Structure formats: structure tokens, C-alpha cells
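Since chain P is already given, all that's left is putting chains B, F and D on it; use the hints.
There are 4 protein chains.
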Amino acid sequence: MCFYDDIKLKCLEANLGIKKHSLAIFTFGNVSVIDRERNVFAIKPSGVPYDELNIEKIVVLDLEGNIIEGFLNPSSDTKTHIYLYNKWSEINSICHTHSTFAVGWAQSLLNVPIYGTTHADHLTKDIPCTSPMDDSLIKGNYELNTGVQIVNHFKKNKLNPKEVQMCLVGSHGPFTWGKDEIESVYNSVVLEEICKMAFITKKIKPEVKRIKKTLIDKHYKRKHGKDSYYGQ
Amino acid sequence: MCFYDDIKLKCLEANLGIKKHSLAIFTFGNVSVIDRERNVFAIKPSGVPYDELNIEKIVVLDLEGNIIEGFLNPSSDTKTHIYLYNKWSEINSICHTHSTFAVGWAQSLLNVPIYGTTHADHLTKDIPCTSPMDDSLIKGNYELNTGVQIVNHFKKNKLNPKEVQMCLVGSHGPFTWGKDEIESVYNSVVLEEICKMAFITKKIKPEVKRIKKTLIDKHYKRKHGKDSYYGQ
Amino acid sequence: MCFYDDIKLKCLEANLGIKKHSLAIFTFGNVSVIDRERNVFAIKPSGVPYDELNIEKIVVLDLEGNIIEGFLNPSSDTKTHIYLYNKWSEINSICHTHSTFAVGWAQSLLNVPIYGTTHADHLTKDIPCTSPMDDSLIKGNYELNTGVQIVNHFKKNKLNPKEVQMCLVGSHGPFTWGKDEIESVYNSVVLEEICKMAFITKKIKPEVKRIKKTLIDKHYKRKHGKDSYYGQ
Amino acid sequence: MCFYDDIKLKCLEANLGIKKHSLAIFTFGNVSVIDRERNVFAIKPSGVPYDELNIEKIVVLDLEGNIIEGFLNPSSDTKTHIYLYNKWSEINSICHTHSTFAVGWAQSLLNVPIYGTTHADHLTKDIPCTSPMDDSLIKGNYELNTGVQIVNHFKKNKLNPKEVQMCLVGSHGPFTWGKDEIESVYNSVVLEEICKMAFITKKIKPEVKRIKKTLIDKHYKRKHGKDSYYGQ
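Protein chains in written order, with the numbering used here: chain P, 604 to 835; chain B, 604 to 835; chain F, 604 to 835; chain D, 604 to 835.
In isolation and in its complexed conformation, chain P is listed as follows (with noise of 0.2 Å):
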């Protein structure tokens, strides 16, 4: 057993997630799993498929970016991995798919209003969309500034990334975190899920507002803080 054995086994687990789900097709997706103790995460490698990966294809780097363990190259996104984790010290694992519904909302360049209580059960917020990119950051440091893009939509939005754990990349796709993978996966399938419902409440009824603010509070405390009553 290898040095780095417990993050690339969970980030293997939680990229086959990603296909378990539906999220992507082909290699459109990825997972990376952070060890805050040590300062190193596994990530997927880059273009390989799902049913290819093994643990001995998952690629462990440091937070400048360094391999420190693996022979291919990691996920294009890499550096927007490593941003959010600099960060955003709370999060440990990241999840990036391109799930239909929730890329169609980002190609719209839309908030996904909080239309129901399946929302409110995760965060009580929109799901914010960051805008499109500077044509600066975009021929800069592309990945990292995506990185950069979502903390700032989040700083001037004062959102929270331990309460509202995914953004939508403006006219690109979706990311979603937690503190843990199986948490990142499931806010990635649960954010697909909000974003179907949100697009058929949207065409049964393009009027719709969003829910007020006495029930988006009682299903997310429902759930979350010290007088959740959801679960074991």
C-alpha cells in the first residue's frame, strides 16, 4: 500500500460516481480529493475514461501544483482545483461535471431561483451563475482564474461556500464541493435534480417566483445547524 492510498481510493470511488450518475458522458467530469494534514490531493487524471481508471492512474499533486505521485497528467482543471482548495480551507473534496440541465442553466447565464423546498433542503439561496470571464482571464491562467471567478462571485455576493456548495461557471458548467467526496458527488446529483425541476416549473409556468423566505428557513434548518432533525 502506497503513501497516498486513502485520497486516491475515495477519489476513485467518487469519480466513478460521476458516471454512476449520469453526469457526463465520456471523460467530462472530475473529482479531487483533498488531505488537509498533509496538504495534498488526488485528482483524476486527464481524458482517461471511467471504466479505465484504477488507482494507480489517479494523480496526487501539492497545492503549488506538483506531482507527487502518478504517471499521467491530472485533469485539465487542475489549477481550479487548487484555487478554491487555497481558498476555501473548509472544503476537501471538489466535483466538476457537465450534467445537462445544469450546463444548460450556466449557458444561460442564470441564477437558478429557489422555486421549492428540494432547494431549500440544500442551501437557501439561488444557485449563483458566475458571468463570463475578462478576455484577460481568459488568456491568462485560464483554469485558475476560473478558480478566481467563482471565490469572487462569492465574495461579492457574500455567499458562503460551507452553506451554498456548487456554482455554475457561466457558459461553461457546474462545480460542487463539500467536506468530504461523497458530499461533493451528491451536491453534483442534487444540483442536476434542482436544475431538471427548475427548468419544468420554468416552462409550466414562466411567472413563477421564488419561494419566501419563512419556508426556504424551516427546510434548510431542517437539515442543517444545531436544530437540524433530517437523519440519523
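Hints in this document: simulated from the structure, not taken from any laboratory. Please read all numbers here as calculations on a predicted model, not as lab measurements. Just to be clear, a hint being listed does not mean it is correct.
A pair counts as met if it fits within one copy or between any two copies, since identical chains are not told apart.
[What the hints assert, rightly or not] Heads up, simulated DSSO-like pairs for lysine-lysine below, C-alpha to C-alpha not over 27 Å straight-line:
#1 K829 x K808
#2 K742 x K682
#3 K690 x K728
#4 K758 x K815
#5 K806 x K742
#6 K660 x K826
#7 K816 x K761
#8 K824 x K623
#9 K660 x K816
#10 K816 x K826
#11 K742 x K660
#12 K829 x K690
#13 K728 x K808
#14 K826 x K761
#15 K742 x K765
#16 K728 x K758
#17 K623 x K829
#18 K782 x K728
#19 K758 x K622
#20 K826 x K815
#21 K660 x K806
#22 K759 x K812
#23 K782 x K761
#24 K816 x K742
#25 K728 x K660
Just chains B, F and D, lined up with the frame of chain P:
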């Protein structure tokens, strides 16, 4: 064999039906089954994935909400189930899901209009959607008040829960019920299909009208009542 | 081996095709197969799930509706099948489903316009949708009158059931037929796919027009008639 | 082992990919693979279901359309393949399907606008949709003229088939190609996904605009050309 194994087993199989019929992701749905003789009901434990359910994990409660058997917390929606069982003695199972198109309609706060015979095979009315709860009800005994909301909506609109075995809770999602757990889950599947068909119909022809009473009655009575002739 | 096992077996396999191709939930569809020499047909029993079907449960009737073989009630739609078999001697199997997009169009009471070559590969006309039945017909021999509705719609619109092997019964759903049970089920699958494609097309471009006659004829004649050259 | 078993095997596996990826029902799609050294190509036989395909049933032809090996009629679309192989020496496999959303766009006679980075990862232009063929071309050598229609559309719009590896034939459906049969089928899957995403985006926000050139170029060049850094 334990004392309540009959309803626990029925409850287990019914909850597995939520996954089998893709009526909810993760743990977003629950079925209960009541034993009217003993006045106890079995319900899914809160937050447990369907794949991890077994008969030991099913929780048995009385109609005051006391746990009679089981070591896990019951579904957070348990009080909604209790309220409905107390008010409607004719129902013996309740199924709550977050199926996608049913939630879409619930979030739009619209009744699902009776557009065709698939709908009329099951009920003669629009599928009711309750209005959002008052703030005081939300802040109070929320899950019990969800039951109040459903029962009051039925009273106010003179709906009979023996005929209309489904309700959309506005901004939330569907509840269905029936004479047994086979029927309550069946009704959740049928509801989702009717909601999808109604969505498609409305998008093809926004000005579509409800079908006429003669056709509704014909189809409903083929399957229900003393002159029914569907089935064996 | 019983006397009617040939058509019963064909009927069984064709009904299993409804489930295989996801053309109906639960028991919401039925296929029949006729033996034109003996003037008897085999049909699905009413209300029996596809998973529980076997050859013994298939019902054999004559064209007056007398049960010749079988211990179960035949499909409640049996008289529709009988009427069509009596009127259209060229068809040897009928398939009725509640497939989702076909029902969506049927509920909108609109013909499905011929928007592309997938449609023209199978028929040169819009897919017909009958108008709702008169009250007297609904209150009368309803299932037989469903057959009357279809046949009259074809007569009035000069449609040939040998070419147009499908019909949407307005507010209800699709019926398809063919020279054998392979073809009748095939037509139900094709109908659902054409209905879904037409829905998408209409939503992308509401003002979309039908394709022109030269293109329709070219595609139809590639697959049908003496100059066809599709297949082996 | 026969002389052409290499391309026949590739062709077989690629055609099975149509079914695996749900790109067509029944027999509504075909893939071919060319051997540029010997100037022969292997193609699916006409009208044979994917489940019944085997290596013996694959047909090998030369670029004049003579059958070199095989006892079945080749795909009725064979001449389209031949025309494209003759005109575009850089492509070695062609895949034609009737995938649902791609056909939806083809039937709307609209290019698929470049709404996001999933699209830009694969091409920098809108996905082209040819206009309907003139009557004389339809009545003439139709399948060959389908190839003419594609090639002329690319010439007129200055599209490079090495970059834009997909085309919607107006009112009909998609053709994709690539350097090998892995790529041509891959492109059909990607095309369907982009078409679905674009449909959702357009329905969420009808006034949505194309993404800007800097973002298109960034994503395209991540995956293509000398400075690409995606994959291994």
C-alpha cells in the same frame, strides 16, 4: 419473527419501490404502512438510502408518534403521515416522493388539469396543488401542518381522498396514498407520468382545454365502482 | 401444445415488447394478434402486469367477442381491436400503448406534422389525431366506438390503414397496427420517437413547416413499394 | 481470417456503439470505416438490427460502390459515405444516426448556436445545418446528393471538415466523421449532448447569445492543435 414484521416487510418493499421506479434521488422519499387493528404504522427511517434499508431499520410508531419498535429516527415527515392517518381512516399507506415532473408542477403552484384519459382512469378531478402554508404554520409544527394543509385543501375543495389519492403540496412535492402500500406507490408512479404528459401537452398547445365530463366519467367508471370492468 | 399456441406465443412476446421498449407503465397497453384463417385473435388479459404474463394467461376470442380459450378477462379495449380487425382485413396485429409523447400529442388534439425524414420513412401524411367522441358514442359501446372513431377518421380523411399504420385517439393515446405483431409494436416505438422529435422541433422553432412532397415521397418509397431499396 | 477483417471488426464495434449510446432506434443509423491504403470501406448492411450484426454481415465496398466482400446489401446511405470519402481524404470513418435532439434541430433547419464550452471543446463554429435539397437533387441520385449537399455547405460556409466533424442534414438528421471509427461515433454522442444542452438553454432563455471568440478559442485550443494540453 417480531410482532410487527408484517407491516415492516410491506413498508420495506414499498420504499424499495421508490428507487425501482426512480421516484426520488438518494433518500428523498418515504412510504408508510398502517395496521388499523393495532393502530401502529411502519415508516422509513430518516436519511437512510434505499440500498441500505432492511427490515430491522424500519421504524414502527403509534398514532401519537411514540416509537413502538425500531432503533432509528423515523422519517422527518412522520407527523404528516400521522395526521393523514388520523383524519382519513380509509387510507392504509402513504407515499411521499420528490419525482421530477410532480415537483415541477408543485413548484408552479398549479393544479394539474385533466387533459386526457390516463388522468381520468385514476381520478375525475384536476390533481390538487395546495397553496403555500401561512408563516405561522411553517414556524409551528411544520410537518403536522403539512398534513393539515392537505386535509383542509381537500375539505375546502370537496375532494374525497378515496377518489383523489394524490396531492401536490405547493412549493414542495407529491403525496399519494391508497388502501395499501401497493396502491400508494402505484399512485406515485401514475402521478409522475400524468404530470409529464400534462407538461408535454401544455407545451405543445398552451390553450389546451380539459376533457369533457362524459369522457372523464366513462374512463373513471371503467376502473372504479360497481360497474367497473377493467382487470380481473 | 394447444390449438392456438402460435398466436398466443406471438401475442405474449409482443406484449412483453411494450415493457421492453418502455411504451407504457404498469398495464397501460395491449397487443393482439389475429389468425385470419381461423378468424380468432389472441390478446392480453385485462390488468395483468407484463412481468406476470405467460402463454396460459393470453386470451383467445372470435370476432364476435366470444372467448374461445383462456380463463381471464381480455383487455378492456378488446372491442376496439375487434372493430378494426373486422373493418380492415389487411391488418393482423394491433398495439395500443400510453407512450408519453404520443399521449402528449393526443391530449393536444393535434395531428403530428410531418417535420422530417424519420416520419417520411414510415408514412407520407401527418400522424392523424381523431377529434373527441360525441357524448352519445362515449355513453354507448365506448370501446367499439373508439374503433368506429378511428375508422371513420381514416375514411373522412382518405387515409389508407396500410400506409398510415398509426392513429392518435384524441384525448386518449396511440393505436398502431401492421401486417404482424412485429410490425405493430415496431410502429408504436417509431410513433413515440417521431412524437418526441416533433415536440423538440416545435419547441425549437414554433413556425416550422412540413417538409415538401418530393422529400416525403423519396423517403417513403425508399422503404415501401416496388421500387424500395432499403433493407435486404 | 479474411482479407478485410480489420476494418470489418472496427465497423462492427462502431455500429454496436450506436445502440450502446442510444443514438438510434432499431436500424436507424450506420457507421463505415475506410482503409485508405486499399481504398475500400466497411459499412453496416441495410436494415439489420444491431443485435443481429456480426462480422460476416458487414459489407466491404470500393469507392465506386462495388461490393468487394459480403453477401448483404450495404446501408441505403452508402453513396453518401462514398461521396464524403472521395471528397474529404482526411476522414476515415463516418457515422450517421437519428439521435433525438440532433434530429430535432435538423428538422428545425437551424444551425446549433455555440452557447457554451462543451460545444467549444469540440468546434469553434455553430453546428451547421444544410438547407433542404432542391427537387432535382432529391429525384436524382438522392443519397449521393446528400453527400453533395454536405460538402457544398461546407465549401460555401468555409467550414473545414477536419475541425467541424459534424453536420445536420436539414429535415433529416446528423452525420459525423473523424480520423477513425472511435472518433466518428464519439462525435455523434457529443453532438446529441450539445443539441440537448442547446435546446434546454434556448428554452430557459430564448434571447441567449453565442459565447465570445476568446472563450471559444481557449476551449478549442485546450483540446486541439499544437498547444493543446487536454488528455495524455
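Fill in: Hints that the structure is at odds with (numbers, increasing)
1, 5, 8, 9, 11, 17, 19, 21, 25
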